[in-house]
Amino acid sequence: MAAAVTIEKLSKSFGATRALDGLDLEVETGEVHGFLGPNASGKSTTIRILLGLLRADAGSARLLGGDPWRDVARLHRRLAYVPGDVTLWPNLTGGEVIDLLGRLRGGLDAKRRASLLERFELDPTKKARAYSKGNRQKVALVAALASDVELLLLDEPTSGLDPLMEAMFRECIGEERGDGRTVLLSSHILAEVEALCDRVSIIREGRTVETGSLAELRHLRRTSISADLAGAPDDLATTPGVHDLRVNGTRVRCEVDTGSLNNVLLKLTSIGVNSLTSQPPTLEDLFLRHYEDEPVHPAETRAVRP
Amino acid sequence: MSSLVGTASLVRLALRRDRVILPICIAIFVALVTSSTSATIALYPTVASRVQAAASLNNTASLVAFYGRIYDPTSLGAVAMLKMGGIGTALVAVLALLTVIRHTRAEEESGRLELLGAAVVGRHAPLTAALLVAVGASLVLGGFTALGLFAVGLPVAGSIAFGLAWAGVGTAFAALAAVAAQLTRSARAATGIAGAALGLSYLLRAIGDSSSGQRLQWLSWLSPIGWGQQVRPFAGERWWVMTLLFGVAVALAAGAYALAARRDLGAGLLPDRAGPATAARGLRTPLALAWRLQRGALLGWLAAFVVLGAVFGGIASNVGAILDSPQARDFITALGGKASLSDAYLAAELGFVGVFASVYGVQAAMRLRSEETALRVEPLLATALGRIRWAWSHLAIALAGTATLLLAAGLSAGLAYAAQTGDIGQVGRVLGGALVQLPAAWVLTGVVVAAFGLAPKWIAIGWVALVAFVLLGEFGPLFKLNHMVMAISPFDHVPKLPGGALTVAPLLWLSGVAAVLIVIGLSGFRRRDVG
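Those sequence lines, one after another, are chains B and V.
In short: position in the first sequence from 1, add 6, done, that's the numbering used here.
In short: position in the second sequence from 1, add 153, done, that's the numbering used here.
Same shape as in the complex, but just chain B (with noise of 0.2 angstroms):
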């Protein structure tokens, strides 16, 4: 099947603040993708540009197989979008704001709406500016999953919303997952791109640095084993793949690059096992090890918002 979302070495300054700097991404159709990165990352650029609200200096960006720059009103009738900054005509209320977002883009399920205004507990008849911030970003998923679409284009959706709101949207991702629509959730809540995400793609000051499935990020990562041991584990560290070892007596904690694995474990057996847990890499590590390293242009800061 065709991808949703394919972007090309897209770049995208605005000024001297280079914002996307050759960024690649890729969302098959039907798949939720998460989309890493910390503030002022270029994420939001990137969905914007998908939008057609910016155009990209530099590369290529194809959406639903479309230019997302010139077929605006036909891609849109095919997606909705949740910004990270929710802000809403004050004197309408939140009822009135997903009708009109609704119907402007060409229809709203009413039974999808008063289900979901049930299930996010959000109160129609209030006034906009009477809302938190919370209820806004509600208003947005709303009027957006209200709507019978192919591509959710969520930028940062859950920021403001409380845990239990937190479970109630993965939960209706989930239903849209199963609905076999594509979603692109762009977020630096790591659990909760865990929790959603078939694909991740992880980018930094504009570019992408990192992307494949859970599975396939964490095979190449380490994993971290601590065990007890029956003796003294003499010669470990010298073991090829064996990373950030330390010993206290029969004690053992080090980290353990994938490929390594089994002769590590090998190892260890053969000196006799006491007790073993072993961790796979979460999603923090992946994400941390891209960016506690040094900068890659130091010099640079990333503003997004144009």
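FYI, nobody ran anything at the bench for these hints, they're computed from the structure.
Source: prediction; values computed, not measured.
Each residue gets a CB set at the ideal place from its N, CA and C atoms; glycine is no exception.
No farther apart than 25 angstroms at their CA atoms in a straight line, the calculated lysine to any residue pairs in the SDA-like style are these: (1) B:132 x V:430; (2) V:610 x B:93; (3) B:15 x V:680; (4) B:139 x B:198; (5) B:132 x V:265; (6) B:133 x V:529.
Here are some chain B residues pointing at chain V (derived, C-beta under 7 angstroms): (7) 78; (8) 82; (9) 83; (10) 89; (11) 91; (12) 102; (13) 106; (14) 109; (15) 130; (16) 131; (17) 133.
We have chain B already, so just place chain V on it with the hints.
Using the frame of chain B, we list chain V on its own:
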């Protein structure tokens, strides 16, 4: 007092934010008063020439309505400061009220005040800081104005009185804006309330000053702008009138503090009511949304224009009676039309109505940019709605709203005039005089749209152009500017109706200019980044 903790920091913050705009505004005001004086000296070098000019002006109801009276025809200062004492005073009030609302309700609405409120800032500190800055700016403005007038050779007492009158009016409207800022949740509405109060104040003194006989003169005494003029700088200064200005300022400020103490941060005095859970059937197009967002403001403007038209039309039939000197008749005949004094009067007033209508057009079209910077456009443009169709929604309100306002003012002026003269045929003539203003007003809307498309950060150029055009029209003749320069203003090309000749060509090409500006702006917007 603990409720004032942090005021000094907030004053510094406000001054930091206004460090460019306030000095520039003050400099422009001082430059205008001093250059007006110099130009008047050149124009009327002798006492006799001044007396003659003053007699003409005082006998022309439309000019008295707009600027006020010259209370001592022999006084150079009184003649020179006529326009600055009228329109200039109103502009000082605008500066003061915008400054207060910018630092109170606008900050509160944006949520920034909450950020500050969580710091060590007392409950009344923001209001106090805003008042201090606005009143301080008014006093500095008044001080420099007095110095400037004295420097170009006017008497010291009159210079001080004029500067004090400006400072007093600025202070009074700063306090009035402080009250308005407590009433509503939106800065836009607060500005509307304060602006309406200023408009009413100007209208009261216009009726009072220009009414024939003594009947309605007391109306001028209901108006802070009127008090500023009744200080009578350079014409036997009446210092006690200043106590009215500062007294009302103190009373209004006390009222603002009382209101502020009774409400929560972010809240207005009127509680929010629940609204509909679903959108009405009609709310499905961008135009319906734009109408929903702008209709309140348009209805307010509409009411003001109907009143304005009725006042102008009502006064017009008396104009002939109060003009007794032949020079005055020559003067007003030369000023505008040819047929009759009433026609010339109406043509002059309808010219002002045209300027006011373009003010509406500019602020309505600016909604394009404010919706964009508030990030409210993004979710709309992420739907199947195209950019140009969205832009047309607010643009249509601006263009049609301007037309509606001129139509309303023209009709109400025409009906009032027809009722006075008993000639129903006058309705169409007066209405025509209002409607010919439309293309020029649309040019201003076009300027805003062009800036929005090509240089959105410089959208304020719409206001700059409007002020520049008005100044060209007001002060161009005084400074004997080349007519080529004055012709830059679209208002310069509007036929003076009723009475003058209806020339269609300028109406067509002004509409053409407006259309070209709009097309340029929209094609620029189609190409540029949003946000």
